[in-house]
Amino acid sequence: MALRFYNTLTRSMQEFRPITEGKVLIYVCGPTVYNLIHIGNARPMIVFDTLRRYLTYKGYDVNYVSNFTDVDDKIIKRANEEGVTASEISTKYIDETKKDMASLNVLPATTHPLATQEIPEMIELIRDLENRGFAYNVNGTVYFRTRKDKNYGKLSHKNLDELRSGFRDLKVSGEGQKEDPLDFVLWKPMKPGEPYWDSPWGKGRPGWHTECCVMSRKYLHSTTIDIHAGGEDLIFPHHENEIAQVECSTGKEFAHYWLHNAFLNINNEKMSKSLGNFLTVRDVEKKYDPQVLRFFMLSAHYRRVLNFTETSMEAAKASLGRIRTAVRTLNDRMENAVSQELTAEERARLGRDENGKPVPFEVKHDPETGAEILPDDMRLFRWQFEQAMDDDLNTADAESAIFNLVKFANVEVTEKSSRAFAGAVKKEITDLSDILGLIVDVQDEDLDAEIERKIEERQAARKAKDFAKADAIRDELLAEGIVLKDTRDGVRWERK
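With the first letter of the sequence shown counted as 1, position 492 gets the number 492 in this note's numbering; the numbers rise by one all the way through.
Source of the hints: derived by calculation from the structure; they are not laboratory data.
Don't take every hint at face value.
[As the list claims (entries may be wrong)] List of simulated lysine-lysine pairs, DSSO-like, C-alpha gap at most 30 Å:
{"no.": "1", "residue 1": "K158", "residue 2": "K270"}
{"no.": "2", "residue 1": "K92", "residue 2": "K286"}
{"no.": "3", "residue 1": "K77", "residue 2": "K99"}
{"no.": "4", "residue 1": "K416", "residue 2": "K357"}
{"no.": "5", "residue 1": "K218", "residue 2": "K188"}
[Stated by the list, open to error] Ranges of calculated distance between the beta carbons of each label pair, as one might list FRET restraints:
{"no.": "6", "residue 1": "R4", "residue 2": "I439", "range": "27 to 35 Å"}
{"no.": "7", "residue 1": "V442", "residue 2": "A315", "range": "16 to 24 Å"}
{"no.": "8", "residue 1": "T224", "residue 2": "E354", "range": "47 to 55 Å"}
{"no.": "9", "residue 1": "S400", "residue 2": "E15", "range": "22 to 30 Å"}
{"no.": "10", "residue 1": "D434", "residue 2": "A318", "range": "14 to 22 Å"}
{"no.": "11", "residue 1": "N268", "residue 2": "A460", "range": "27 to 35 Å"}
{"no.": "12", "residue 1": "L478", "residue 2": "T10", "range": "45 to 53 Å"}
{"no.": "13", "residue 1": "T311", "residue 2": "T224", "range": "42 to 50 Å"}
{"no.": "14", "residue 1": "D95", "residue 2": "V442", "range": "32 to 40 Å"}
{"no.": "15", "residue 1": "V363", "residue 2": "N268", "range": "36 to 44 Å"}
{"no.": "16", "residue 1": "N159", "residue 2": "E15", "range": "25 to 33 Å"}
All values reported here derive from a predicted model rather than from experimental measurement.
Ideal Cβ positions, reconstructed from N, Cα and C, are used throughout, including at glycine.
Sequences and hints are given; from them, build the entire structure.
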């Protein structure tokens, strides 16, 4: 199967064909840095980091740019509340965001540009749009003239006449100076106490929609890029307005593929501070390994709404634990193996020839029914994994392929297996997991400490006569391959 994506622009699945063979240019809209990132911010970070990892695995040279919006009304508001500068707020939370990204095993972008460092180029873009008749100045505020852009709305597929009617009904103070209700701000004049830059229209700062236009083209070194991505809440107006500016300035297509992840809900409700269900990554990390959050984020297709619940996180925790337990068992098998080299039977189970080299994977078909006939060896699971990932980054099915591989490991690798066989199976599990950014080969002391913590939690539950919780913890550990034994000397545990 060729690699395919669902393109928001065309509303269809399309085969991925990069502009330049072997290279991929990706721009992902980053967070506005005025607070710790919440788990809604984390979803696109994890999803598109996984996209980048998979494209790299496929052999592409990936230039991956993701910005930090470090000048914005929210940043200024936070700075005023704390009595510091906007720059101090943004610098602080860029550092904190990078810490959270690292904990989630999100790779640093090729470039993380800052909006405040690209103001001259933004001014240049706005002047170009003004010279071309796509922008106009009203008392220091520069607007984009949407009615002049014949393709405006092509990404969101919205009915613009209905939108304009709605905007007229909701018109607020100051909107009357626009030529059209849908015209959006390219440059806004300075207000007292706000950061500002000099421009042909007076002191002020650029509008949010202009920032990404400049940073994407500058750091991807191309007018047209392969993939532009972000949350579905950015489709309109942010990404729509980016397209309008770039394409009216250059006359060329901005991005060939537009990818958008769906929303994240908390217990079937939209996350918001007013509902009291606002969760930062740090909040979740108080209870769960950040890798559990990453596993959870990838357990559903990125275009599906994902519902964060304690039940779903516990399921993700147990599932990740199963993979880690399998890897731990394989490490034990390697350490205690009697023989070192592959046997002929083990080579066959790995799908290798008599020289130990991989046999080409071939899908055959039944001559009568046409049904697929797949090789019955370890190569099957990588094929399943790639089939899932090639199908619009279906990470849920990719995780299922890894679990099929774990079942293979639990059955095929025994105490009599060779070190080479156990090592090859372990490498396959860790390699596929790494493409998803999942760390599954953890140190013994980390695993042991987690098990001991759960045992203590179970003991506390028993003491409180909460036997249902105590039994649930025992079952959870058992699902991860950990057997508890209550003895006179206390609780003992072993791996089955």
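Status of each hint after checking the structure:
1. K158 x K270: Holds - the C-alpha atoms of K270 and K158 are around 23 Å apart, at most 30 Å.
2. K92 x K286: 21 Å, holds
3. K77 x K99: 23 Å, holds
4. K416 x K357: Distance ~22 Å between K416 and K357 Cα, so the pair holds.
5. K218 x K188: Cα-Cα ~23 Å, so holds.
6. R4 x I439: 27 to 35 Å: 28 Å, holds
7. V442 x A315: 16 to 24 Å: 19 Å, holds
8. T224 x E354: 47 to 55 Å: Given about 50 Å between the Cβ atoms, the range holds.
9. S400 x E15: 22 to 30 Å: 24 Å, holds
10. D434 x A318: 14 to 22 Å: For D434 and A318 the Cβ distance comes to about 21 Å; the hint holds.
11. N268 x A460: 27 to 35 Å: Taking Cβ atoms as reference, N268 and A460 lie about 30 Å apart, which means the hint holds.
12. L478 x T10: 45 to 53 Å: Hint holds: Cβ distance 48 Å, inside 45 to 53 Å.
13. T311 x T224: 42 to 50 Å: This hint holds: roughly 44 Å between Cβ atoms.
14. D95 x V442: 32 to 40 Å: Violated, at about 26 Å.
15. V363 x N268: 36 to 44 Å: Distance hint for V363, N268 holds at roughly 40 Å.
16. N159 x E15: 25 to 33 Å: Distance hint for N159, E15 holds at roughly 30 Å.
Of the numbered hints stated above, the single one contradicted by the structure is hint 14.
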